[in-house]
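Sequence order for the protein chains is S and G. Per the working numbering, residue 1 is the first one in the first sequence, and the count goes up by one each step. Per the working numbering, residue 1 is the first one in the second sequence, and the count goes up by one each step.
No wet-lab data here; the hints were simulated from the structure. Worth double-checking, as some hints may not be accurate.
As the list claims (entries may be wrong) - The list that follows gives simulated cross-link-like pairs (lysine to any residue, SDA-like), each with its CA atoms no further than 25 Å apart:
#, chain 1, residue 1, chain 2, residue 2
1, G, K128, S, P68
2, G, K7, S, F368
3, S, K643, S, K471
4, G, K7, S, P68
Said to hold, decoys possible - Just a few of them, taken from the derived set where beta-carbon distance is under 7 Å, the chain G residues facing chain S:
#, residue
5, D213
6, T217
7, L221
8, G222
9, K235
10, K308
11, P311
No residue lacks a Cβ here, since even glycine has one placed at the ideal position from N, Cα and C.
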Amino acid sequence: MNFARTMIDTVLSVRDLRTEFATDKGVVRAVNGVSFAMRRGERMAIVGESGSGKSAMAMSLIRLLVHPGKVVNGEVWLQGRDIMTMSESELNDVRGNEIGTVFQDPMSSLDPVMKVRDQMVPPIMRHLSLDRARAEAAAVAWLDKVGIPDAARRIDAFPFEMSGGMRQRVMIAMALSCQPKLIIADEPTTALDVTIQAQIVELLRTLTAETGTAMLFITHDLGLVSRFARTVAVMYAGKIVEIGPTRDVFGNPKHPYTQSLLSAIPRGADGGRSRLVQIPGFPPDMRQEILGCAFKDRCLGAEQRCGEAAPPLSARGPSHDAACWQPNGLDAGSLAQMRKTTDRAARPDVEALPPHDILETNNLSKHFVRGSMLPWRKPVVVRALNGVSLRVRRGETLGIVGESGCGKSTVARLLLELDAPTTGEIFIQGTAQMVFQDPSSSFNPKMRVQDIISEPLDINGRGSKADRAEKVRTLIRQVGLDPSYLERYPSQLSGGQRQRVAVARALALDPTVVVADEPTSALDVSVRAQIINLLCDLKDELGISFVFISHDLSTVRYISDWIAVMYLGEVVEYGPAEEVFRAPAHPYTRALLDAAPVLDPSAEDDRPVSIIKGELPSPLDIPRGCGFATRCPHVSELCRTEKPILVQRQPNRKEACHHVG
Amino acid sequence: MFAFAGKKLIQLIVTTIGVVTLVFFTLRLIPGDAASAMAGDTLSGEALERLRDQMGLNEPLMSQYLTYWRKLLVLDFGETITTGLSAGELMRAAAPITISIALATIVVTVLLAIPLGTLAAFLAHKGKKGLDSLITGAAMVLDLMPSFWTGLFFLLFFSLTLGLFPASGTVSLENPGHFLQRIALPVMVLSVTQVATMARITRTAVLEVLSEDYIRTARSLGWSELRVLFRHALKNAALPIVTVVGLSFGSLLNGTVIVEFIFNIPGIGSLLVNGINSRDYQMVQNLIIVYALIFVTINFVTDLVYRKIDPRVSF
Chain S
1 MNFARTMIDT
11 VLSVRDLRTE
21 FATDKGVVRA
31 VNGVSFAMRR
41 GERMAIVGES
51 GSGKSAMAMS
61 LIRLLVHPGK
71 VVNGEVWLQG
81 RDIMTMSESE
91 LNDVRGNEIG
101 TVFQDPMSSL
111 DPVMKVRDQM
121 VPPIMRHLSL
131 DRARAEAAAV
141 AWLDKVGIPD
151 AARRIDAFPF
161 EMSGGMRQRV
171 MIAMALSCQP
181 KLIIADEPTT
191 ALDVTIQAQI
201 VELLRTLTAE
211 TGTAMLFITH
221 DLGLVSRFAR
231 TVAVMYAGKI
241 VEIGPTRDVF
251 GNPKHPYTQS
261 LLSAIPRGAD
271 GGRSRLVQIP
281 GFPPDMRQEI
291 LGCAFKDRCL
301 GAEQRCGEAA
311 PPLSARGPSH
321 DAACWQPNGL
331 DAGSLAQMRK
341 TTDRAARPDV
351 EALPPHDILE
361 TNNLSKHFVR
371 GSMLPWRKPV
381 VVRALNGVSL
391 RVRRGETLGI
401 VGESGCGKST
411 VARLLLELDA
421 PTTGEIFIQG
431 TAQMVFQDPS
441 SSFNPKMRVQ
451 DIISEPLDIN
461 GRGSKADRAE
471 KVRTLIRQVG
481 LDPSYLERYP
491 SQLSGGQRQR
501 VAVARALALD
511 PTVVVADEPT
521 SALDVSVRAQ
531 IINLLCDLKD
541 ELGISFVFIS
551 HDLSTVRYIS
561 DWIAVMYLGE
571 VVEYGPAEEV
581 FRAPAHPYTR
591 ALLDAAPVLD
601 PSAEDDRPVS
611 IIKGELPSPL
621 DIPRGCGFAT
631 RCPHVSELCR
641 TEKPILVQRQ
651 PNRKEACHHV
661 G
Chain G
1 MFAFAGKKLI
11 QLIVTTIGVV
21 TLVFFTLRLI
31 PGDAASAMAG
41 DTLSGEALER
51 LRDQMGLNEP
61 LMSQYLTYWR
71 KLLVLDFGET
81 ITTGLSAGEL
91 MRAAAPITIS
101 IALATIVVTV
111 LLAIPLGTLA
121 AFLAHKGKKG
131 LDSLITGAAM
141 VLDLMPSFWT
151 GLFFLLFFSL
161 TLGLFPASGT
171 VSLENPGHFL
181 QRIALPVMVL
191 SVTQVATMAR
201 ITRTAVLEVL
211 SEDYIRTARS
221 LGWSELRVLF
231 RHALKNAALP
241 IVTVVGLSFG
251 SLLNGTVIVE
261 FIFNIPGIGS
271 LLVNGINSRD
281 YQMVQNLIIV
291 YALIFVTINF
301 VTDLVYRKID
311 PRVSF
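Start from the sequences, fold in the hints, and give me the full structure.
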């Protein structure tokens, strides 16, 4: 037994960590006995859905939990010292020095009223005992290293003067600046665009490899895990249910939860159009004592003993453990059954319907003008949308993708007449309705589900009161909820249920087009699968057209028939979804696809790292030629001076680039 | 910063012009005019007309308005109707007293309320309910006590029973020791409500900031709770606090009118009360404008301080 070697090599060792939150409604047992160890330079991912306890666990490691959270049991050994028994001042010497932390939201994680300099330099002075001049030099060097252009000047910027990506780079520079043994990164890229996310992940990967810093990466994005982590731990209900090398866990999952989760994600090419696996039921209420395995109620392979005792983590392969009584988790039969029970209903023949356009926009543009109080100041013009022409036929789904700021949400607002276009026209046959991103904030919390769904009917005075009530009952069944939910308030629903209600409300006026702006991005993987399946069913059953706006490329690919890729308020590529994803023509589309991680660790390892540089130019100051010229690897003089127009070169496909074909 | 100050200065000027205009025309809307108010029942007919001519009241309204402005710009506030003294002189003597009371109150308030509120917020954040509830509860009770009541109570207790402060006597800046003794009670009375309000606002603001992500970041960098509280939390919480300090100046000016009356202090509050009682039209008009100017200036300063603390503020 190479115990001695393990000891030397181990950076962090966690034993039986338990964390509780004493809320008014009872004690939430967020972390229920987590144990694991990390070696020097190891990159480990913790994955799980919201409420799995992954963030609470990570924050417990450095005692960053705030009231009412409390670590009630466990040891966290960092190089021979137990963090849990340290005094406050010992702890403060570890934080920021031996353990660096990167948080989820770069927009709110930096002090808004302090310059980067004042946030970054004092910790370096303190932890490394440097004088101010040296600490400042070190800070500038780190900012430079994380890719902040003109670091010596930018160190005097305030956070609000930087983009989200830049702020996250600052956070990373701060976390690394004292050369910690361990970095804890809690969803460090979740708030960022896919291209910026790829840049940040690559940055973390090279920097940790260079410095030998171990890294604990908390995420819900399984694709990122396969790109980034060598080891992965899957958490469910406050426990690690499966842990091991990423290749083994993703390639040959042994726990039913991991197995279901991996089948609930739309996969690019091979997944095709088969239905996504839905995990039935909900995660357990963490306020109750859980008897036996926490996943038993949602597991098709559950047996009697699963309800009697919780299975411990046990070996399934070299350093691959899973917590299930069955050595292989769900058998092939159960997995097949899970797919079968959720198979799509027979598809009505939408093709037989006349394929006329339901929605068409013609050269749509939207400029926002912001005047100044001072008369000699020129008004500021934000060119959100510059000449967008789209068409959607009956029963088809158009997916719109692009980074934030590309104008995709402006398109949605114009389609719904929430804003008037500056120029251009919109033709819609019938009506368009909207499903928003965040189902918790788009409902009036004081209204019952009944009234929420009925509201558009009431406003438009459709039918008698009884008719409307009947219609509401039909609608709620249509989105797969029991009519008993009509009496509830939004706060009594889960995220997925709320989004179902949002869909029901959108359907109330029998729209011909539903515009869905990031409808699944606030949802967990298993819930996302349910909503995607629902939208697909509705499209098939009712022949409704969808405009599906998202930054999640695999979801867009799965759900869409056509794709419009947008950049700086313009469509740069347009075509059938599968074709565009299989053979992207525009360099920007290619860059987007390269940036998006795929759910296959070996494919991720083999992929050449060619990450798009830079960030989206400001819509206040759009480049004269091609908008993408500032970031394009194939840029030529022509691109800088002349704007390429959207040209059809192959049947059904259009792209705006001088260098295609 | 300069562009910002410039913008705010333009707003200040526009507001001031608006206030002066509004005051001028509102007072002209009141039935009767300055001449009849001045004359009372003693003059009639022709004599009254002559007085009106003398006072320029028979001029067209617009030219009266312009004359008014011309005088105002050279700080000519005219004479009081009842005593014939220069209104400007009276106000110049009274204003420093009132402003001293107000400023002293603000200083006392800030020194007491901010530490108390911050302490309460910190305790609440850590889940220690006991002392927090005590501070919050006390603040609530004090906040609801009307100042004429606390005024009389303080007068009885500190002046008459304990004999700590004189309840009457001259008030002059030439004798600072005596001056401070005389304004101590009014300042205490005004501070009670102010401290209570401000402590509650501070608690709320700091408590909210303490759950922000950047506070967690500061902790993750190894800073002690004390430094997190004062360097990060209080600096960010200062924004709403400064706003409220600025706004509370208004209610403070209200308060000075009452305490000056109770403690017999010749500030501009007393001038106002006397002016109203003797129907001294000219004086009231002047004082309204002085109050408005103080208020507008305080708002201007608040905006600048706000901008100084938070570089994001753009308007």
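Hints, one by one, checked against the model:
Distance check on the hinted pair: K128 (chain G) and P68 (chain S) sit about 10 Å apart at the alpha-carbon level, within 25 Å; holds. Distance check on the hinted pair: K7 (chain G) and F368 (chain S) sit about 23 Å apart at the alpha-carbon level, within 25 Å; holds. For the given pair, K643 (chain S) sits about 50 Å from K471 (chain S) by alpha-carbon distance, which is inconsistent with the 25 Å threshold. Restraint check for K7 (chain G) and P68 (chain S): not satisfied, since their Cα atoms lie roughly 46 Å apart, outside the 25 Å limit.
With a least beta-carbon distance of about 4 Å to chain S, the hint placing D213 (chain G) at the interface is held under the 7 Å criterion. With 7 Å as the threshold, the beta carbon of T217 (chain G) comes within range of chain S, its nearest partner Cβ sitting at about 5 Å, so the hint holds. Checking L221 (chain G) against chain S by beta carbon gives a least distance of about 4 Å; that is within 7 Å, so the hint holds. Hint status for G222 (chain G): holds, given a least beta-carbon distance of 4 Å to chain S, under 7 Å.
The closest approach between the C-beta of K235 (chain G) and any C-beta of chain S is roughly 6 Å, which is under the 7 Å cut-off, so the hint is satisfied. With its C-beta approaching chain S no nearer than about 10 Å, K308 (chain G) sits outside the 7 Å limit, and its interface hint is violated. A hinted interface residue such as P311 (chain G) counts as satisfied when its beta carbon comes closer than 7 Å to some beta carbon of chain S; here the least separation is about 5 Å, so the hint holds.
The earlier numbered hints that this structure contradicts are 3, 4, 10.
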